[in-house]
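Asker: Sequence:
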Amino acid sequence: MDKPSFNSIFMNLASDLAKRSHCVKAQVGAVLTKDTRIISIGYNGPPAGTHNCDEEWPETGCPRDARGSCSLALHAEENAILYAVKNGSSLEGATLFLTLSPCLPCARTIFSSGIKRVIYKNSYAEYKGLPSDEGVDFLNRFGVSAVKFGG
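Numbering (our numbering), first residue to last: 11 to 161.
Think of the hints as simulated: they come from the structure by calculation, not from any bench. Treat the hints loosely; a few may be bogus.
[To be verified] Derived pair list, reagent style DMTMM-like, types lysine to aspartate or glutamate, alpha-carbon separation capped at 20 Å:
hint	residue 1	residue 2
1	126	102
2	35	69
3	35	147
4	29	45
5	29	102
6	35	75
7	29	65
8	138	75
9	131	144
10	44	88
11	35	65
12	131	147
13	29	66
Start from the sequences and build out the full structure, keeping to the hints where you can.
Answerer: Following this line, the structure appears as structure tokens:
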């Protein structure tokens, strides 16, 4: 019997976590790991204890900001990183599994937190209709390995 790789297990978990999102526009999941152990998990949505977009604005989602993005939610990787830091976990050398590659602001947070590897399932650029994955480009330029999940 073939055992699944840890990469597959963590990406499957990120995909399952994405289903917990209350966002009506996109559901994204994140798993933060170190040495085959899970440090933290996250999915996109408003800060805990505020509201749920799919319940408050089921037809349209939450209000948009000036760039057309969600004005209220944290991204999945932000939630995973913030929870880990809040609980005193070191992220130095960690790996982050994402169902959607990071946007540029999240890439800067990932880089600054000490995460050394990002594995993503789908392209943020393709999702947003952008010419390139700026977040992935930024991470790879500054020494964080950011690669598309290969299965």
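Asker: With reference to the structure, classify each hint as holding or not holding.
Answerer: Evaluation of the provided hints:
1. The straight-line distance between the Cα atoms of residue 126 and residue 102 is roughly 7 Å, inside the 20 Å bound, and the hint therefore holds.
2. For the proposed pair residue 35 and residue 69, the alpha carbon gap of about 10 Å is at most 20 Å, so the pair holds.
3. For the given pair, residue 35 sits about 24 Å from residue 147 by alpha-carbon distance, which is inconsistent with the 20 Å threshold.
4. Taking the CA atoms of residue 29 and residue 45, the gap is near 26 Å; set against the 20 Å cutoff, the hint is violated.
5. Note on residue 29 and residue 102: the hinted pairing is violated, with a Cα-Cα distance of about 28 Å set against a maximum of 20 Å.
6. Note on residue 35 and residue 75: the hinted pairing holds, with a Cα-Cα distance of about 14 Å set against a maximum of 20 Å.
7. With a C-alpha separation of about 15 Å, the suggested pairing of residue 29 with residue 65 holds against the 20 Å cut-off.
8. Straight-line distance between C-alpha atoms of residue 138 and residue 75 comes to about 15 Å, which keeps the hinted pair within the 20 Å bound.
9. Between the alpha carbons of residue 131 and residue 144 the distance comes to roughly 16 Å, so the proposed pair stays at or under 20 Å and holds.
10. With a C-alpha separation of about 17 Å, the suggested pair residue 44 and residue 88 falls inside the 20 Å cut-off, and the hint holds.
11. For the hint pairing residue 35 with residue 65, the CA-to-CA distance comes to about 13 Å; that is within 20 Å, so the pair holds.
12. Simply put, residue 131 and residue 147 have alpha-carbon atoms about 16 Å apart, close enough for the 20 Å limit, and the pair holds.
13. Annotation: proposed proximity of residue 29 to residue 66 holds, straight-line Cα distance about 18 Å (limit 20 Å).
In summary, the structure is inconsistent with hints 3, 4, 5 from the numbered list given earlier, while agreeing with the others.
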